[in-house]
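As given, the protein sequences belong to chains A and B, one line each in that order. Residues in the first sequence are numbered from 1 upward in steps of one, following full-length UniProt numbering. Residues in the second sequence are numbered from 1 upward in steps of one, following full-length UniProt numbering.
The hints are simulated quantities; they were obtained by calculation from the structure and are not laboratory data. No experiment lies behind these values; they were computed from the predicted model shown. Positions of the beta carbon are idealized from the N, C-alpha and C atoms, including for glycine. Among the hints, a few may not be true.
What the hints assert, rightly or not - Below are the DSBU-like pairs computed for lysine-lysine, each with C-alpha atoms no more than 35 Å apart in a straight line: (1) A/Lys38 to B/Lys160; (2) B/Lys160 to B/Lys407; (3) B/Lys115 to B/Lys316; (4) B/Lys37 to A/Lys38; (5) A/Lys38 to B/Lys428; (6) B/Lys160 to B/Lys123; (7) A/Lys38 to B/Lys51; (8) A/Lys38 to B/Lys85; (9) B/Lys336 to A/Lys38; (10) A/Lys38 to B/Lys167; (11) B/Lys228 to B/Lys69.
Said to hold, decoys possible - A short, non-exhaustive set of chain B residues, derived as facing chain A with CB atoms under 8 Å: (12) Pro61; (13) Ile63; (14) Val165; (15) Ser209; (16) Pro251; (17) Asp350; (18) Pro387.
Said to hold, decoys possible - Okay, the calculated bits of chain A under chain B, using three or more residues with CB under 8 Å as the criterion: (19) 38-44; (20) 131-139; (21) 241-253.
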Amino acid sequence: MRTRGAPYAFLAPALVLFAAFLAAPVLYAGYLSLRRVKVSGLGLGAGARTEVWAGLGNYTRSLTDPEFVPSVLRVGAYGLVVVPVMLGLALILALLLDGGRTRVGTFTRTSIFLPYAVPAVIASLLWGFLYLPRVSPIVDVLDRVGITAPDALSSGWVLYAVANIAVWGGTGFNMIVLYTALRSIPTDLFEAARIDGASDIQIALRIKIPIIGPSLIMTFLFSLIATLQVFAEPMTLRPLSNTISTTWTPLMKVYRDAFVRNDIYSAAATSVVIAAATFVISYGFLKLVGSRAFSQES
Amino acid sequence: MKKTLASVFAAALLLTATACSSGDDSDDAPAADPNEKVALTYWSWAPNMDKVVEGWNAAHPNIQVTVNKQDGGDPAVAKLLTAIKAGSGAPDVMQAEYQKIPTLVAADAVADIAKEAGDLKAKFPESAWNAVTLGGEALYGVPQDSGPMMFFYRSDVFDKAGVQVPKTWDEYAAAARKIHQANPKQYLGTFSSNDPGWFAGLSQQAGASWWGVQGESWTVAINDANTKKVADFWGGLVQEGVINNKPMYTPEWNAALNDGTQVGWLGAVWGPGVLEGNAASTKGKWKTALLPNWDAAAPANGNWGGSATSVTSQSKHKAQAAEFVKWLNTDPAALKALAGTANVYPAATDATSVALTQPPAFFSNQPDFYTLAAEAGKITKPFTYGPNVNVAYSSYNDAFGKAAEGKQAAGFGAALDTIQQATVGDLKNAGFTVAG
């Protein structure tokens, strides 16, 4: 009897924490998304507002909001810029560092990684200063040599301006992950390839990249999820320009609804939609490539 | 196993549910015992408020107030509403901007202290009193500071360009053209899509009142003729390119104030602090005037900023809290500390004579600063805020962001229609009765 209970005793702390801090809030958000406040008359004074069931009203309102679809498309475009550029850069840098295996490696690695340690809000403030024409040293220098830099926060450029911050902050982390995977490849593989007459580029393309496939997939998945949740960068840049609206990304819309408009009910509905979409996309992606890529290792 | 898991789960859920649903039961304050020791918490974002409160704490050993510094008006309200919904965690006393009061009243977050505070009406200007009573018998806070709008300008630049201080908006437009033509880098001002309160103040001056109460229903008039007039005026200047279209309160705007490319600012009485913080090196070059007017024969003004001190509905010591709030905003010593230490412009009408005898340090070259401010406050038009100012204001950010970026005068009027629609739609959706 005692031995039968032991596993549950060991599991209990994790289960309680899971239930209290993950499952319960998720369920509560789901509950809130089906509720709404009903106000009567002028809505002043106690008793003028009551919480009632809303059915799926919050969901229809959230999905048909004219700002919602553009914000989803915007994040899609943002992802198309960020993910390939960031992972491409991370892969090239990791291969270069691994290929060289030089003494400057540690310093270079650290300096590429360092931006990852800068919180997104600080990074956005920092880049914000570099973007604003009047205070930007970059614009100033370009101006002196006779080049008029485009306004980074104007409507045509703002997407790239935000993407640039994410790339700057995320490349280092992904590079370290890929680099670590590269370092764990046994060197005799390369020796064998070299004896067969393979060039460095061929080794990189034919041996290194296929072997670190699982790491590439993992970094891709992380980047995808981070893209869907982009929030801090545009939120911090918003007051600096006319071009970033309060619903620029879906999460910004959730924030606005919950904390600016005090409508946590429709914010909960939008959150549930975003969470479901994130789950479907990540799971679908893993299903699509997972089996193929992970079977490489065995 | 399944059963255990399920019960743990249910317990956790129950915990969350009760934490979030026990609310509005602290209305009946216990009978006040004069010797009872009471500790009050006070949320405020005014600088040095703790030093102002020290004066109260020294004189009232039984009612000790602790100031809890907030980031600003918006985050404080978000926090308060969350605490109200959670049923605990709200302070006893809270600084609340005038435009937030209807929202807080509608959420049952602030208490009616008409009985506890007594008759204070005579001590405050009509517009401030209206903001804390919502025009009724209840009292949802005591006015703390007000923000009559004022015009700040670089007198040296004006002299050099041969520009007179504009008395009307037509003259303002002419001055903006002249200054920008003389030096294409210089602007007399900017249209800021980030500051709905600023635009609301300008509309208030033109005679707008964005919300109103008609019997038992709300009215919304954000795209009325008065506000349209203001929007068209600014849209025209932005399209012409003689007024900048970038938001205020950005590093860029700060730099422009400092290096003399923004040579004017339509600010409010608290403006000297902003100018001193952002453009300290330009001290002595700025002057103050009343806002330009639509009709020089009938001068009017608007309000930008200002707040009241309210007692929250969660306070267990309503009587003591009300007493503190009353002291803070009407006692001569407190008014002096508010003006001198916390750098606010007290709303109380006698503050000018008790506390504001010297001009602010940044405007030491303008001895009549507070006489002007009092004049500006006197001609401020009435304006009613509604229960969803936050919706209108966030819609302003988006709609006017687009309009300012597009630089087309027509876009400015259209932005007002967007805001009107969003505001009315939100009210109706929540169930408020809306007239028209």
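The hints, checked one at a time:
The straight-line distance between the Cα atoms of lysine 38 of chain A and lysine 160 of chain B is roughly 60 Å, outside the 35 Å bound, and the hint therefore fails. At most 35 Å may separate the alpha-carbon atoms for a hinted pair to count; lysine 160 of chain B and lysine 407 of chain B meet this at roughly 29 Å. At roughly 16 Å between alpha-carbon atoms, lysine 115 of chain B and lysine 316 of chain B fall within 35 Å of each other, so this suggested pair holds. About 40 Å separates the Cα atoms of lysine 37 of chain B and lysine 38 of chain A, which puts this hinted pair outside 35 Å; it is violated.
Our distance criterion of 35 Å between C-alpha atoms is met by lysine 38 of chain A and lysine 428 of chain B, whose separation comes to about 10 Å. A C-alpha spacing of about 44 Å is found between lysine 160 of chain B and lysine 123 of chain B, which places the hinted pair above 35 Å, so the restraint is violated. Distance restraint check for lysine 38 of chain A and lysine 51 of chain B: the Cα-Cα separation of roughly 43 Å exceeds the 35 Å cut-off, and the hinted pair is therefore not satisfied. For the given pair, lysine 38 of chain A sits about 15 Å from lysine 85 of chain B by alpha-carbon distance, which is consistent with the 35 Å threshold.
In summary, the hint linking lysine 336 of chain B to lysine 38 of chain A is not supported, as the alpha carbons are separated by about 44 Å, beyond the 35 Å threshold. For the given pair, lysine 38 of chain A sits about 48 Å from lysine 167 of chain B by alpha-carbon distance, which is inconsistent with the 35 Å threshold. Distance hint between lysine 228 of chain B and lysine 69 of chain B is unfulfilled; the C-alpha atoms sit about 38 Å from each other, more than 35 Å. At about 34 Å, the closest approach between the beta carbon of proline 61 of chain B and any beta carbon in chain A exceeds 8 Å, and the interface hint on this residue is violated.
A distance limit of 8 Å between C-beta atoms decides the matter here; for isoleucine 63 of chain B the minimum to chain A is near 26 Å, and the interface restraint is violated. Residue-level restraint check for valine 165 of chain B is violated (minimum Cβ-Cβ distance to chain A is 27 Å; threshold 8 Å). The interface hint given for serine 209 of chain B is violated, since its Cβ lies 16 Å from the closest Cβ of chain A, which is over the 8 Å cut-off. Interface hint at proline 251 of chain B: satisfied, since its Cβ lies 5 Å from the closest Cβ of chain A, which is below the 8 Å cut-off.
Hint status for aspartate 350 of chain B: violated, given a least beta-carbon distance of 31 Å to chain A, over 8 Å. With its C-beta approaching chain A no nearer than about 5 Å, proline 387 of chain B sits inside the 8 Å limit, and its interface hint holds. For the stretch 38-44 of chain A, the stated coverage by chain B is satisfied: 7 residues place a CB nearer than 8 Å to a CB of that chain, which reaches the threshold of 3. Check result for the stretch 131-139 of chain A against chain B: holds, 4 residues qualifying (beta carbon to beta carbon below 8 Å, three or more required).
Residues of the stretch 241-253 of chain A with a Cβ under 8 Å from some Cβ of chain B number 7, which satisfies the need for three, so the listed coverage holds.
The structure is inconsistent with the numbered hints 1, 4, 6, 7, 9, 10, 11, 12, 13, 14, 15 and 17, although it conforms to all the rest.
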